[in-house]
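Read top to bottom, the protein sequences are chains A and B. Okay, so the first sequence: first residue is 1 according to my numbering, each after it adds one. Okay, so the second sequence: first residue is 1 according to my numbering, each after it adds one.
No lab work stands behind these hints, which were simulated from the structure alone. The beta carbon of each residue, even a glycine, is placed where N, CA and C say it ideally should be. Mixed in with the good hints there might be a few duds.
To be verified - What follows is a set of in silico ranges between Cβ atoms, one per label pair, in the way DEER data are often shown:
(1) A/Asp207 x B/Arg22: 30 to 40 angstroms
(2) A/Leu222 x B/Lys345: 46 to 56 angstroms
(3) A/Ala15 x B/Ala34: 51 to 61 angstroms
(4) A/Gly92 x B/Arg100: 48 to 58 angstroms
(5) B/Pro274 x A/Asp91: 34 to 44 angstroms
(6) A/Leu167 x B/Glu105: 39 to 49 angstroms
Unchecked claim - Stretches of chain B that chain A covers, calculated by requiring three or more beta carbons in the stretch to come under 8 angstroms of a beta carbon on chain A:
(7) 5-17
(8) 43-54
(9) 58-64
As the list claims (entries may be wrong) - A short, non-exhaustive set of chain A residues, derived as facing chain B with CB atoms under 7 angstroms:
(10) Ala65
(11) Arg72
(12) Ala73
(13) Glu183
(14) Tyr186
(15) Ser188
(16) Leu189
(17) Pro190
(18) Ile192
(19) Lys196
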Amino acid sequence: MHVVVCVKQVPDTEAPIRIRPDGQGVDESGLTFVMNYYDEHAVEEAIRIKERAGGTVTLIAAGPARAAEALRAGLAMGADQAIHIQDPALDGLDHLALARVLTAAIASVPYDLVLCGKLATDDNAAVIGPALAEFLDLPQATAVTRLELGDGTATAHREVEGGVEVLEISLPAVVTVERNINEPRYPSLPGIMRAKRTPITVKTIADLGVDLGGSGAARVRLLGLAPPPARPPGRMLEGEPAEVVRELVRLLREEARVL
Amino acid sequence: MRVEYTEDQRLVHQTVREFAARELRPRARAWDAAGAFPEEVVAPIARLGLWGMTVPPELGGAGIDAVSMALAIEALAWGDGGVALSVAAHNSLCAGHIVRAGTAEQKRRYLPRLASGEDLGAWCLTEPDSGSDAAGLATRAVRRGDRWVLNGTKAFVTQGSIAGVYVVMARTDPDAGHRGISAFIVERGTPGLRIGKHEDKLGMRSSDTAEVVFEDCEVAEEQMLGAPGEGFRDAMRVLEGGRIGIGALALGLGRAALDAAVAYARERRAFGRPIAEFQAIQWMLADTATELDAAELLVMEAAARAQHGRPYRLESSMAKLFASEAAARAASRAVQIHGGYGFIKDYPVERIYRDVKLCEIGEGTSEVQRLIIAREVLA
Ligand SMILES: Cc1cc2nc3c(=O)[nH]c(=O)nc-3n(C[C@H](O)[C@H](O)[C@H](O)COP(=O)(O)OP(=O)(O)OC[C@H]3O[C@@H](n4cnc5c(N)ncnc54)[C@H](O)[C@@H]3O)c2cc1C
Numbered sequence: 001m002h003v004v005v006c007v008k009q010v011p012d013t014e015a016p017i018r019i020r021p022d023g024q025g026v027d028e029s030g031l032t033f034v035m036n037y038y039d040e041h042a043v044e045e046a047i048r049i050k051e052r053a054g055g056t057v058t059l060i061a062a063g064p065a066r067a068a069e070a071l072r073a074g075l076a077m078g079a080d081q082a083i084h085i086q087d088p089a090l091d092g093l094d095h096l097a098l099a100r101v102l103t104a105a106i107a108s109v110p111y112d113l114v115l116c117g118k119l120a121t122d123d124n125a126a127v128i129g130p131a132l133a134e135f136l137d138l139p140q141a142t143a144v145t146r147l148e149l150g151d152g153t154a155t156a157h158r159e160v161e162g163g164v165e166v167l168e169i170s171l172p173a174v175v176t177v178e179r180n181i182n183e184p185r186y187p188s189l190p191g192i193m194r195a196k197r198t199p200i201t202v203k204t205i206a207d208l209g210v211d212l213g214g215s216g217a218a219r220v221r222l223l224g225l226a227p228p229p230a231r232p233p234g235r236m237l238e239g240e241p242a243e244v245v246r247e248l249v250r251l252l253r254e255e256a257r258v259l
Numbered sequence: 001m002r003v004e005y006t007e008d009q010r011l012v013h014q015t016v017r018e019f020a021a022r023e024l025r026p027r028a029r030a031w032d033a034a035g036a037f038p039e040e041v042v043a044p045i046a047r048l049g050l051w052g053m054t055v056p057p058e059l060g061g062a063g064i065d066a067v068s069m070a071l072a073i074e075a076l077a078w079g080d081g082g083v084a085l086s087v088a089a090h091n092s093l094c095a096g097h098i099v100r101a102g103t104a105e106q107k108r109r110y111l112p113r114l115a116s117g118e119d120l121g122a123w124c125l126t127e128p129d130s131g132s133d134a135a136g137l138a139t140r141a142v143r144r145g146d147r148w149v150l151n152g153t154k155a156f157v158t159q160g161s162i163a164g165v166y167v168v169m170a171r172t173d174p175d176a177g178h179r180g181i182s183a184f185i186v187e188r189g190t191p192g193l194r195i196g197k198h199e200d201k202l203g204m205r206s207s208d209t210a211e212v213v214f215e216d217c218e219v220a221e222e223q224m225l226g227a228p229g230e231g232f233r234d235a236m237r238v239l240e241g242g243r244i245g246i247g248a249l250a251l252g253l254g255r256a257a258l259d260a261a262v263a264y265a266r267e268r269r270a271f272g273r274p275i276a277e278f279q280a281i282q283w284m285l286a287d288t289a290t291e292l293d294a295a296e297l298l299v300m301e302a303a304a305r306a307q308h309g310r311p312y313r314l315e316s317s318m319a320k321l322f323a324s325e326a327a328a329r330a331a332s333r334a335v336q337i338h339g340g341y342g343f344i345k346d347y348p349v350e351r352i353y354r355d356v357k358l359c360e361i362g363e364g365t366s367e368v369q370r371l372i373i374a375r376e377v378l379a
């Protein structure tokens, strides 16, 4: 079983985000970057498949030089090889164009299954997985919480409103994973040392033979980014306990509308 | 972390820090109260490869560089000082001594077990009547046929009551001073090896510290570690590396204290504003941040020298001395910033304040570090 996992490096969700003065991105100085949490689960799932059924795990990331750290982390967890798509043109791509670039990278290696995280925590788009399925002309299952592989097929469990949906898909397929699919392992120190010696294949968009002219050019344009509105300060209620409780209940009911 | 590290060194730090944040820090208070080594951490630490940091990969270890090891110990200590001390002593002292002085057969026999965490390692130099003056040790090893018979008591042994492998310094020639000391590997279960008193400590309470007693404890000749009479010299070399670990450990505790102090100073209000707005508080935070960065530079410089095979005795003593005293000041200021809440166990700084004291004592007191540094300065 050859599994390809697409991974993205994103700002640590606990890092304070500052928007660049030009409003076209975030100020990266002082930010820590990590592998997108959902992708960690996809890498873990791929490694478990390899441990059970043999085969290989190939990681693909598109992003600036620092994105190599996410690939190293995945290699240290136990992946076998990694492709890093590095190209100044990546900056201007929308999700669909990026999916076309990733499609070409996936097509350059043998694969039976493509795994992605359900979404990336930085831009919350959840587009790449479904777009890959479309471009690769493969069946897909999204937000999967359990994946069982059969002979040429896979059974995927998804949590839907009020229950669990069970799908059967033929392989190869694209599957995006939910965070409760597994508990990702920590990279081990020997794994990190091994990963250090594993070469990462660097490719440009041109190396992949993708021509983004015309239809590939961004069809979505970023107009601006704004920080979320500051939270209004908390309010302290003062007075006799009975009075305060009555007032609190009234506020919860009438203002916060949570009761 | 301030120094520019390589990608894999950053990954080591990030991984261990995340492990410490999730698996150690939330339990540190309970482990401190229990005052015993938490056996449940042995397996997860083994999965990370942290028991075999000094062990070469072909013997099951991680074989990581000295800077990565310092980063890993720093990150562990940020989560729990006692667990970090156990891991540091296991790697630097016990496994480290076998890596340095062991025969191929000894390495093959003991290092895989130590690297996997199947056996924990202990290193026994200190005795009830000799600590700083380690060459004054009284434990005797006497030859009987093709075996050695050990008699004596070792004090303050980290992992003393839980180890499977003990490296023991003993006197083989009573007339040869420090040249009459040799090292031995003694396995748990060897008749005559008895675990003595389990120490109830001020801090580092999640690390096991015990007395280890040898009463006509007989070991085969091939259990001697290193050349006869070279045990003390090897032990001093082992401590040079160990001190980088204690410096890193102190740094992790200091950073944990600073993180807690910063968070508390932002949150706690007095006289109508957060105490972080008082210059008196800001200066304490500024001094701590500066001193910890300086400590990091010293620790990592010593580690980098070790890694590149350059002499580092002076540097490791300076790193250990400065980092442990800087971290002790960091913890003391963090308690001060917490006011009364710093004095009670609900906040982690109370524990860090106690834990950090060990760094000024273990593997050579601050006074001993100054002796070593002065000797080099005056040489
Ligand atoms: C938690 C813990 C874990 C430990 N783990 C281990 C272990 O795993 N293995 C092991 O072998 N040991 C271990 N030790 C022992 C530790 O290394 C010694 O406690 C330390 O070296 C000091 O020795 P001592 O306690 O005998 O103090 P002493 O040597 O008696 O020192 C008492 C005081 O005198 C000072 N002093 C001594 N000589 C001089 C001098 N020449 N000039 C100036 N001042 C001097 C000292 O600095 C100190 O302030 C551990 C100790 C602790 C507390």
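- Item | Which numbered hints fail | 3, 6, 10, 13
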